[in-house]
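Trainee: This is what each chain is made of:
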Amino acid sequence: MPPPSRWSLCCALAWALAASPTHGADYSHLPLAELVDLEVFSAASLLPTAPGRAPATVYVFRRDDLARLHPRTLGELAELVPGIQTNQYRKRHTALWSRGLINRYNDKMVLLLDGVRLADFYYGALPSGDELPLDQMERVEVVLGPASSLHGANALAGVVSLTTRDVHGAELRALAGNFASRRAALALGEGGVQLYASALSRDLPYHRDRQSFAGDRVVVPAAEDYATLHLKARPRPSLRLAARYGQWRHPFAFIPATQDAFVEGERLDLSARWQLGDALDRGLELALDQGFDRAREWEEERRSGALAYREVRRAHRTHFAATGRIRLGNHLLTAGLTADREVLDRVDALRLFRYDLGFLQEPQFGDLLRGIDREALDGALFVQDLWQPNPDWTLVYGARRDHLDRYGDPFNHRLAAVWTGRAGHSLKFLYGTALRAPSLRERFKNLESDFAAPPLNPERLTSWEVAWNHRRGPWELQGSAYRQRVEDLIAEVPTPDGADEYFANREGNARIRGVELLLAHRGAGPVGVRAALGLLDADGADPSPGPYLAPWTGSLHLDWRWNAAVEIDLVVRFTGRRRDRNGFADDDPGGRLLFDASASGPLGGGFSWRLAVRNLADARSRDPAADFGAQYNPEGPARELWLEVFWTGRP
Amino acid sequence: MRRLWALALAALLTGPGLERSAAAGEVRELDRVRAAFVYHLAKLIHWPAEARSTKAFRACLYRRDFLGGALTELQGRPVAGRPLTVEVIAAPEDAAGCRLVLVAGADLATWRGAGGAGARHRLVVADLTEAPAGESDGAAAVALVRRGDRLGLVINRRALARAGLTASSELLKLAHLVEEGP
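In order, the protein sequences belong to chains D and Y.
Quick note: the first sequence uses this note's numbering, first residue 1, plus one each step.
Quick note: the second sequence uses this note's numbering, first residue 1, plus one each step.
Incorrect hints may appear among the rest.
As the list claims (entries may be wrong) - Just some of the chain D residues that point at chain Y, by a computed CB distance under 8 Å:
hint	residue
1	Leu30
2	Thr163
3	Pro455
Hints were generated in silico from the structure; no laboratory data involved.
Note that CB positions come from ideal geometry on N, CA and C, so glycine has one too.
Given these sequences and hints, build the entire structure.
Mentor: Shown next, in the form of structure tokens:
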């Protein structure tokens with residue numbers, strides 16, 4: 001809890017702003033490449049700000065970057081961000097470990113799709129796989145570091161913001177590849193209406209002889225399916241409406257041979273954004289979102305095919321936000337409030353069989369959660385002042401008070417000072433705090449044990465960072481060094497009787513230090529390069545996250561425009577040696593070195609093609625099972641090869 | 001929660017003060033961004049030698065200064081070694097010396113109807129950022145459009161060629177390219 005004097009200071013600051021002199025920014029000094037990056041119609045950015053000058057560390061991937069790097073999922077793209085390590089989880093998804101914050105369910109960052117927050121209500125997980133096709137995206141921004149002063153709980157390790165594309169006319173994609181991959185995507189745009197639809201069907205892209213989390217061979221059926229339908233409309237320039245529906249079905253990738261396990265889910269998000277007034281100087285944006293989330297997991301005993309386990313989760317959520325901005329001289333003041341209502345419709349499970357016990361004498365049926373109110377109403381107030389005392393300096397102070405029904409009234413704030421030199425340099429000094437409320441599963445899991453889990457505190461993070469950006473012509477350099485302290489890190493722990501796992505705060509504070517570097521060259525010539533490196537050191541806390549983390553990770557991308565008809569792209573992804581604590585000798589996670597390649601070009605008549613291969617050498621790599629230390633390390637994807645044909649035209 | 005309400009109260013009290021102190025006639029930030037786009041366009045389009053013989057680079061706004069003075073703030077900045085000058089013209093026939101004409105989306109039909117399209121060595125830029133969908137129907141060689149939460153450029157290569165102009169590789173790389181019109 002902050003002392004009252006902090007609030008007095010905040011209010012006094014707001015009053016002081018009213019007397020400040022007028023000063024306008026000069027955007028003509030920015031290169032055109034940065035001008036097209038300015039986010040000028042969104043309340044989220046608060047001021048037209050290029051990533052190099054933003055009061056945070058931001059990595060941006062534009063549409064042409066996405067085309068050249070050819071990641072198909074957010075998990076694949078995250079491997080190209082210095083400071084993010086990825087981890088194959090035993091179910092199916094890739095977990096994103098931002099700046100050393102290990103996790104199993106992608107619950108330490110916030111994901112926004114056109115400003116709509118997407119997260120599984122039970123695990124708190126953001127989607128990182130084929131549920132979010134990247135060919136729909138105009139732009140992906142990855143903000144690393146604490147962001148709770150703007151985005152509230154769970155923006156502990158950063159924010160991933162995706163902006164979908166608008167097309168004029170029609171675009172069609174068709175893809176075929178190994179693992180029986182078949183994919184089609186359609187995008188249509190005319191007037192103020194946009195439609196996007198995609199469907200993917202394939203087998204899991206892993207080696208067939210992989211080990212399950214229990215160490216035996218996996219024999220689960222491999223087919224998986226994903227579908228997306230997204231409709232956007234802008235009936236008036238100030239009003240944006242969207243409806244997005246997604247569904248998926250896949251097996252668990254690393255389940256023991258005794259059973260087959262599957263998950264299927266669907267999600268519907270309806271959103272409306274209404275912008276009043278001017279986008280930058282004086283305006284108000286109202287946001288209303290309604291989300292419906294449904295998932296079903298089930299297991300079948302392998303020999304008999306009989307139902308072994310079934311879990312049903314359903315919830316709906318309403319989100320409202322009002323964000324107002326006013327420019328006052330050289331200050332831009334932003335204030336807003338949010339209100340969220342979440343209702344759990346159904347969260348129950350039926351267990352008939354366990355891989356270690358066989359069929360149970362008595363079926364176990366009950367709620368997955370216990371001791372929880374079915375409805376929660378959260379709210380928040382936030383303010384931010386962005387002050388440009390002169391053209392070279394930008395100072396930002398932001399503060400946010402949340403009211404979380406289940407976790408009290410946390411306070412977070414951030415302070416940033418950004419110096420921008422005329423020669424394309426910028427230097428940032430950043431400080432911020434953040435919080436992650438435990439997911440419903442972590443806090444309220446109904447244990448299959450008589451053990452009573454101790455109370456769980458939210459995770460808290462404090463971060464200090466210095467960052468440097470330099471842009472000159474086609475060259476871009478970006479570097480940052482940070483130090484963060486994490487209190488009450490949450491870890492999964494086996495119950496004393498071994499019957500289940502519960503969640504507990506780790507003892508002591510984790511200290512994580514790191515350096516991130518990015519070098520990119522985007523010239524008009526035939527060769528482009530992008531190199532990223534992340535260094536990391538973690539200690540403290542018990543058990544420490546340190547052993548699971550790689551001390552260094554990186555990527556190198558070369559694109560070569562061979563001639564007018566063919567462009568060749570090569571990507572190298574590397575990870576330093578990692579250890580783990582599972583005690584098994586035959587599943588060393590080690591380091592990894594993976595190569596990707598693609599060739600692409602136009603065909604004429606609006607057609608183009610891309611032939612791509614991921615994990616070219618078909619290297620076998622494992623990621624540490626960073627949980628409570630008694631599971632085999634899951635294996636990464638095998639070599640994937642695909643051919644994609646793309647057509648664009650006017651209807 | 002008490003502090004939360006105190007903050008809300010402070011915001012309410014502060015709001016009217018902020019409203020009063022925002023001076024009328026102040027140049028909007030969005031217009032400054034639009035003006036910066038126009039300035040870069042002027043620098044990244046290649047004009048033939050005969051069009052570069054004038055002492056100043058003349059940029060014209062059709063019918064009204066819909067950028068609220070933001071482009072005028074850039075007067076005197078160099079464009080290919082010549083200072084930028086800005087003025088408002090009432091009709092296409094006034095555009096004789098204009099190397100660049102900026103037309104608001106709402107005025108595009110009027111501009112086209114008055115015979116404003118098609119002049120050699122003159123870049124016509126349509127500002128479609130207020131339109132629900134940004135398309136210029138070939139009336140302008142370049143359109144300034146909304147692209148999600150950002151501004152972007154659409155270059156009509158056919159219209160640009162008709163005007164006898166070429167775009168730099170940097171501009172072509174960052175713009176969306178179309179070919180429309182005769």
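Trainee: It remains to establish, for every hint, whether it holds in the given structure.
Mentor: Structure-based check of all given hints:
Given hint, leucine 30/D at the interface with chain Y, holds; its Cβ is 7 Å from that chain's nearest Cβ, closer than 8 Å. For threonine 163/D, the shortest C-beta to C-beta distance to chain Y is roughly 5 Å, which falls under 8 Å, so the interface hint holds. Among the interface hints, the one on proline 455/D is violated; its C-beta lies about 22 Å from the nearest C-beta in chain Y, farther than the 8 Å criterion.
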